[in-house]
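Trainee: Residues per chain are reported as follows:
Number of protein chains: 2
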Amino acid sequence: MIYNDKYPSALLQEAVEAIGSLPGVGRRSALKLALHLLRQPVENVRHFTGAIDRLRNEVKYCSVCRMISDGDLCGICSDGKRDHKTICVVESVQDVMSIEKTRQYTGVYHVLGGIISPIDGTGPSDLTISELVSRVSALAKDFPPEETEVIFALSGDVEGETTAFYIYRQISPFGVKVSALARGLGFGDDLDYADELTLGRSIVNRQVFRP
Amino acid sequence: MIYNDKYPSALLQEAVEAIGSLPGVGRRSALKLALHLLRQPVENVRHFTGAIDRLRNEVKYCSVCRMISDGDLCGICSDGKRDHKTICVVESVQDVMSIEKTRQYTGVYHVLGGIISPIDGTGPSDLTISELVSRVSALAKDFPPEETEVIFALSGDVEGETTAFYIYRQISPFGVKVSALARGLGFGDDLDYADELTLGRSIVNRQVFRP
Numbered sequence: 032m033i034y035n036d037k038y039p040s041a042l043l044q045e046a047v048e049a050i051g052s053l054p055g056v057g058r059r060s061a062l063k064l065a066l067h068l069l070r071q072p073v074e075n076v077r078h079f080t081g082a083i084d085r086l087r088n089e090v091k092y093c094s095v096c097r098m099i100s101d102g103d104l105c106g107i108c109s110d111g112k113r114d115h116k117t118i119c120v121v122e123s124v125q126d127v128m129s130i131e132k133t134r135q136y137t138g139v140y141h142v143l144g145g146i147i148s149p150i151d152g153t154g155p156s157d158l159t160i161s162e163l164v165s166r167v168s169a170l171a172k173d174f175p176p177e178e179t180e181v182i183f184a185l186s187g188d189v190e191g192e193t194t195a196f197y198i199y200r201q202i203s204p205f206g207v208k209v210s211a212l213a214r215g216l217g218f219g220d221d222l223d224y225a226d227e228l229t230l231g232r233s234i235v236n237r238q239v240f241r242p
Numbered sequence: 032m033i034y035n036d037k038y039p040s041a042l043l044q045e046a047v048e049a050i051g052s053l054p055g056v057g058r059r060s061a062l063k064l065a066l067h068l069l070r071q072p073v074e075n076v077r078h079f080t081g082a083i084d085r086l087r088n089e090v091k092y093c094s095v096c097r098m099i100s101d102g103d104l105c106g107i108c109s110d111g112k113r114d115h116k117t118i119c120v121v122e123s124v125q126d127v128m129s130i131e132k133t134r135q136y137t138g139v140y141h142v143l144g145g146i147i148s149p150i151d152g153t154g155p156s157d158l159t160i161s162e163l164v165s166r167v168s169a170l171a172k173d174f175p176p177e178e179t180e181v182i183f184a185l186s187g188d189v190e191g192e193t194t195a196f197y198i199y200r201q202i203s204p205f206g207v208k209v210s211a212l213a214r215g216l217g218f219g220d221d222l223d224y225a226d227e228l229t230l231g232r233s234i235v236n237r238q239v240f241r242p
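Just so you know, the sequences run in chain order Z and P.
Start counting the first sequence at 32; every next residue gets the next number (this note's numbering).
Start counting the second sequence at 32; every next residue gets the next number (this note's numbering).
The set of hints was computed from the structure by calculation and includes no laboratory data.
Hints are not guaranteed to be accurate.
Copies of the same chain are indistinguishable here, so a pair counts whether it falls within one copy or spans any two.
Said to hold, decoys possible - Straight-line Cα separation of at most 20 Å, PhoX-like style, residue types lysine-lysine; simulated pairs:
| # | residue 1 | residue 2 |
| --- | --- | --- |
| 1 | K132 | K63 |
| 2 | K208 | K132 |
| 3 | K91 | K208 |
| 4 | K37 | K91 |
| 5 | K208 | K37 |
| 6 | K208 | K172 |
| 7 | K116 | K208 |
| 8 | K63 | K172 |
| 9 | K132 | K172 |
| 10 | K172 | K91 |
| 11 | K132 | K37 |
| 12 | K116 | K37 |
| 13 | K116 | K91 |
| 14 | K112 | K91 |
| 15 | K63 | K116 |
| 16 | K172 | K37 |
| 17 | K208 | K63 |
| 18 | K112 | K132 |
| 19 | K63 | K37 |
| 20 | K37 | K112 |
| 21 | K63 | K112 |
| 22 | K172 | K116 |
| 23 | K91 | K63 |
Start from the sequences, fold in the hints, and give me the full structure.
Mentor: Laid out in structure tokens, this is it:
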């Protein structure tokens with residue numbers, strides 16, 4: 032052909048397609064990234080791909096809370112200063128990191144590894160729900176139930192509500208305290224811009240005024 | 032420590048830092064990408080990193096135009112239907128791909144592999160300028176100079192102008208035709224929004240009106 036709008040190299044095409052398969056990375060930026068990597072020293076690129084391979088192949092999951100970890104127990108579950116009678120239930124590893132960043136939580140976590148979603152074909156058995164239930168039943172045996180708490184820190188959509196309710200049905204027999212994240216206007220939010228549902232809920236769930 | 036805002040895994044931190052070293056990828060999206068890769072099947076991640084390693088370690092450069100290529104000669108230089116007496120001088124591999132996409136050019140290319148930039152410490156010897164000069168001198172020997180042409184398709188900034196002038200001084204003795212990309216208002220551009228320099232140049236370099 033006289034005009035060549037194919038890739039100049041099959042290796043480049045393969046790399047661009049691989050990079051372009053990442054979420055939020057378009058074909059144009061995938062090409063830019065591939066050509067950037069091509070300009071880097073070989074050892075830098077080897078370190079780049081090596082770090083990703085090691086993460087995928089060697090990372091472990093905490094045997095208690097299923098958080099990613101370098102050992103059998105994660106840094107939080109092995110931390111004697113944390114409150115091990117309070118379990119915060121989250122969907123993902125990233126949620127744990129977000130909550131830790133707030134520096135407001137001193138309990139431990141349980142990572143479900145997803146959320147119940149019939150559309151995506153994710154059922155309870157795909158999540159670490161049974162492990163959570165045994166953790167809670169063990170807690171209820173070892174401590175007065177009223178001293179223990181399970182906090183649902185799940186998304187506010189239907190899937191989140193469904194998952195929380197499904198778990199609630201299984202742990203309520205143990206009599207532990209069960210709570211969920213407070214929902215309402217964000218701090219500094221302007222009433223004009225709040226959506227009706229959020230504004231409505233934050234009126235219903237209004238809190239004691241503490242000056 | 033009771034609050035844990037470190038990475039939950041050294042492997043994750045290593046991967047996030049590697050991904051975050053890519054241009055235009057912030058720490059937040061690097062974390063999202065690392066956790067995305069962690070959720071993929073092992074063989075997908077191996078294919079992802081393998082494609083990048085192969086690109087960096089196995090890609091070749093065309094012995095004539097220095098374009099990346101799977102063999103000794105790129106698809107354009109080995110194409111008998113292209114006009115090998117017209118050489119378009121570009122800075123990068125990406126520039127060749129952009130020009131090919133226009134389907135307006137039938138000649139061949141020469142990839143400089145950069146641009147003369149004292150600030151970045153890039154001098155003429157870091158580029159494939161001497162290779163270009165020998166190509167042009169060979170052309171001038173084999174064909175009547177007026178049938179041969181060198182087109183500067185370099186950026187319009189000082190570095191681009193400097194590089195073009197530096198090369199021009201060395202190839203003008205061969206008597207080949209030398210041209211540069213037309214500069215002016217973009218097609219469909221509105222005069223109100225054109226910068227003075229561009230508008231001024233497009234008046235000075237006005238073209239014959241062809242209805």
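Trainee: A separate judgement is required for each hint: does it hold in the structure or not?
Mentor: Okay, the hints, checked on the actual structure:
{"no.": "1", "hint": "K132 <-> K63", "verdict": "between (33 Å within a copy, 16 Å between copies)"}
{"no.": "2", "hint": "K208 <-> K132", "verdict": "neither (25 Å within a copy, 64 Å between copies)"}
{"no.": "3", "hint": "K91 <-> K208", "verdict": "neither (30 Å within a copy, 64 Å between copies)"}
{"no.": "4", "hint": "K37 <-> K91", "verdict": "between (42 Å within a copy, 17 Å between copies)"}
{"no.": "5", "hint": "K208 <-> K37", "verdict": "neither (62 Å within a copy, 29 Å between copies)"}
{"no.": "6", "hint": "K208 <-> K172", "verdict": "within (14 Å within a copy, 90 Å between copies)"}
{"no.": "7", "hint": "K116 <-> K208", "verdict": "within (10 Å within a copy, 82 Å between copies)"}
{"no.": "8", "hint": "K63 <-> K172", "verdict": "neither (57 Å within a copy, 38 Å between copies)"}
{"no.": "9", "hint": "K132 <-> K172", "verdict": "neither (32 Å within a copy, 70 Å between copies)"}
{"no.": "10", "hint": "K172 <-> K91", "verdict": "neither (29 Å within a copy, 66 Å between copies)"}
{"no.": "11", "hint": "K132 <-> K37", "verdict": "between (46 Å within a copy, 9 Å between copies)"}
{"no.": "12", "hint": "K116 <-> K37", "verdict": "neither (60 Å within a copy, 23 Å between copies)"}
{"no.": "13", "hint": "K116 <-> K91", "verdict": "neither (24 Å within a copy, 60 Å between copies)"}
{"no.": "14", "hint": "K112 <-> K91", "verdict": "neither (23 Å within a copy, 57 Å between copies)"}
{"no.": "15", "hint": "K63 <-> K116", "verdict": "neither (49 Å within a copy, 30 Å between copies)"}
{"no.": "16", "hint": "K172 <-> K37", "verdict": "neither (66 Å within a copy, 33 Å between copies)"}
{"no.": "17", "hint": "K208 <-> K63", "verdict": "neither (52 Å within a copy, 33 Å between copies)"}
{"no.": "18", "hint": "K112 <-> K132", "verdict": "within (17 Å within a copy, 62 Å between copies)"}
{"no.": "19", "hint": "K63 <-> K37", "verdict": "within (16 Å within a copy, 31 Å between copies)"}
{"no.": "20", "hint": "K37 <-> K112", "verdict": "between (59 Å within a copy, 16 Å between copies)"}
{"no.": "21", "hint": "K63 <-> K112", "verdict": "neither (47 Å within a copy, 29 Å between copies)"}
{"no.": "22", "hint": "K172 <-> K116", "verdict": "within (11 Å within a copy, 86 Å between copies)"}
{"no.": "23", "hint": "K91 <-> K63", "verdict": "between (33 Å within a copy, 18 Å between copies)"}
This entry does not satisfy hints 2, 3, 5, 8, 9, 10, 12, 13, 14, 15, 16, 17 and 21, going by the numbered hints stated previously.
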